[in-house]
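Asks: One-letter residues, chain by chain:
Protein chains: 2
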Amino acid sequence: MRKSTDPIGVFDSGIGGLTVVREIMRELPDESIIYFGDTARVPYGTKSKETIEKFAVEDVEFLLKFNVKIIVSACFTVSSNAMDVLRGKFNIPIFDMIEPGVRAVKRTGKRRIGIIGTYATIESRAYEKRIREEVPDAEIFTRPAPLFVPLAEEGKTRGKIAELVVEEYLKELKGRVEVLVLGCTHYPLLKETIKDFMEEVILVEPGKEVAGMLKEYLGKEGLLSSGPPRYSFYLSDIPRKFGEIGERFLGRKLEGIRVVREWIT
Amino acid sequence: MRKSTDPIGVFDSGIGGLTVVREIMRELPDESIIYFGDTARVPYGTKSKETIEKFAVEDVEFLLKFNVKIIVSACFTVSSNAMDVLRGKFNIPIFDMIEPGVRAVKRTGKRRIGIIGTYATIESRAYEKRIREEVPDAEIFTRPAPLFVPLAEEGKTRGKIAELVVEEYLKELKGRVEVLVLGCTHYPLLKETIKDFMEEVILVEPGKEVAGMLKEYLGKEGLLSSGPPRYSFYLSDIPRKFGEIGERFLGRKLEGIRVVREWIT
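Protein chains in written order, with the working numbering: chain A, 26 to 290; chain B, 26 to 290.
There's no promise every hint is true.
As the list makes no split between identical chains, a pair holds if one copy fits it or if it spans any two.
[As the list claims (entries may be wrong)] Cross-link-like lysine to any residue pairs, in silico, SDA-like; alpha carbons within 25 Å at most: (1) Lys154 with Gly134; (2) Lys74 with Arg273; (3) Lys196 with Arg183; (4) Lys240 with Ile95; (5) Lys74 with Ser257; (6) Lys196 with Arg265.
These are computed hints drawn from the structure, not numbers from a lab.
All chains, full assembly: derive it from the sequences and hints.
Replies: Printed below as a string of structure tokens:
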């Protein structure tokens, strides 16, 4: 039996999902959160569907040890490649990052839509398929933007290098799209540089939207917590420069971190 | 009992080690090679020493199934973080990428030495310590160059983005060093752009040197094979764009690839 005081479980391939946790903390300040980041095997976005599925199953199994009341796949690569496997295997409701993106796109009322993400996210066509169901006359333009991830991790989100990479990835979308889905946890960190280049295009951040959807869902199910919130962060490795990067992503001090090295065999 | 016809085992965190295999094939065309690339968990260079050690032990255990006569750690991150653990645990001779780099540096007769590599390689100070033993009056300048890896994997080794990143990482070394050690498997792919910026600086590629050292060692031990060579490539995942990247790194067609997904649990 799920209780309202049970935590929300959030997982990601690494620490990028902290940008989603940040939105959940803002929208649902009384909820407890257990985060798992698979930092020993990050990134997922260049890997095969089979490997992504296998890792995602292990990530969910880890979170299930903590009596979570709901799970959020903060990883866009998992959300677009492994949800069938996860939902087939586990009974707990699992929120992904595709539906929130689709919902936000639909609300704009626009039909010329751009999507950027990792190779695995773009190749899956998960966003494309769901947007076409909701916006039947949509014109969709997609582009993998793999270098945005290391740029965000290196803190190079402004300046000439970032501008050149943004231009290279987005020049073919510019002028064609009215809305651009930032389809990877790392991309909101490059938002200002992307906005400067894309000018009046509406940027969609599924991480912001998922927090609202969670709130609705928990309210409807009578599962909203009245606090106090507790936060735990589990990682399969403490990567180099972790403190610095993690706090940049979460937007606040990171405390209560545990490494679970024995979990990965 | 090791036989001359036994293969050479080479492992790496991913497919970067194919740049080392390429040099071994060139120098020792009659030798058989078994390659293992841990593409499911790549990269290692941003991860902790403990995780690198753990993964490296598993990589060697995998190669030992094939009766290899010798092992090469083509991964500079492993070579600078995990050799004590590997040599303490396994009896087989394991070549690393530090000694060949040190040997090549020493031969130049220069004393102002630059070293670039992943965070893990630079933070280990492995090159620095060994160079100081061999070149006691060396002046050593080091710099992590993490964005070189995704640039090489994306094929962005020439052009404005590559030039800007090279400038950013190397501007403080320029004018100070006479020799620059390319301390990561991926960096030789950026050699031309690095050379253009660093001008008359001597670039050291440990992968070239290790092939010569292997030849010497096998000759001395009576273990040189007279062929015919057989090549097998084992990977823990078939990553996206693998064919394209792998062949760019190896410099020839990649055949005989097997995935060993069950190995990683």
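Asks: Next step is simple, just say for each hint if it's right about the structure.
Replies: Right, here's what the structure says about each hint:
Within a single copy, Lys154 and Gly134 get their C-alpha atoms as close as 17 Å, which meets the 25 Å cut-off; across copies the closest is 62 Å, which misses it. For a Cα distance limit of 25 Å, the shortest separation of Lys74 from Arg273 across copies, 23 Å, qualifies, whereas the shortest one inside one copy, 29 Å, does not. Proximity of Lys196 and Arg183 under a CA criterion of 25 Å is satisfied in both settings, with 17 Å inside one chain copy and 19 Å between copies. Proximity of Lys240 and Ile95 under a CA criterion of 25 Å is satisfied intra-copy only: 12 Å inside one chain copy versus 58 Å between copies.
Taking the shortest alpha-carbon separations for Lys74 and Ser257, only the inter-copy value of 23 Å comes in at or below 25 Å, while the best intra-copy value is 29 Å. Taking the shortest Cα distances, Lys196 and Arg265 sit within 25 Å of each other only across copies (23 Å), while inside one copy they are farther apart (33 Å).
Going down the numbered hints, you'll see the structure goes against none, and every one checks out.
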